[in-house]
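Colleague: Sequence:
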Amino acid sequence: MGIFDIIKNAIFGKAVAAEQPSGQAIDWGSDKNVPEPTEVTGAIDIAGVLEAAVAAKGQKLNWKSSIVDLMKALDLDSSLGARKELAAELGFPGDRSNSAAMNSWLHKALMQKLAENGGKVPTDLRH
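FYI, UniProt numbering numbers position 11 of the sequence shown as 11, with every residue one higher than the one before it.
Errors might be hidden in some of the hints.
Once the Cα atoms are required to be at most 16 angstroms apart in a straight line, the calculated EDC-like pairs of lysine to aspartate or glutamate come out as [as the list claims (entries may be wrong)]:
1. 120 to 45
2. 113 to 45
3. 113 to 124
4. 57 to 75
Since the hints were made in silico from the structure, they are not lab data.
Using the sequences and the hints given, assemble the complete structure.
Modeller: Below, the structure is given as structure tokens:
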């Protein structure tokens, strides 16, 4: 499973968990940090899921512009190595040693890819 799939499953899994009726068990599989892929029946509110994740962390995380903060909000590895792997996976055309340019591109590409996979992403975050 690639980094994008891990991010997507973390976001979409949190959305499914929020929609579960109280008291109903959710089978997350063996890895508690990465929910199993789920069937998406409607558009997942990406902003809502990430705002809730940031609130639960109790930290000031700017997920709307920072790929690092977005990954931290989801309790995922936000190291340079993980981001370089995501850049390779999403087809970053630039120099991966320029982490500022890569991070900016990654955030935009991730938002676009989440939208393509059933996520409702605010328009200003896709471009």
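Colleague: With reference to the structure, classify each hint as holding or not holding.
Modeller: Hint check:
1. Using a Cα cut-off of 16 angstroms, the hinted pair residue 120 and residue 45 holds, with the two alpha carbons roughly 5 angstroms apart.
2. Taken as a hint, the residue 113 and residue 45 pair is honoured in the structure, with Cα atoms around 14 angstroms apart against an allowance of 16 angstroms.
3. Annotation: proposed proximity of residue 113 to residue 124 holds, straight-line Cα distance about 14 angstroms (limit 16 angstroms).
4. The suggested pairing of residue 57 with residue 75 holds, with an alpha-carbon distance near 9 angstroms, which does not exceed 16 angstroms.
Checked against the numbered hints given earlier, this structure breaks none of them.
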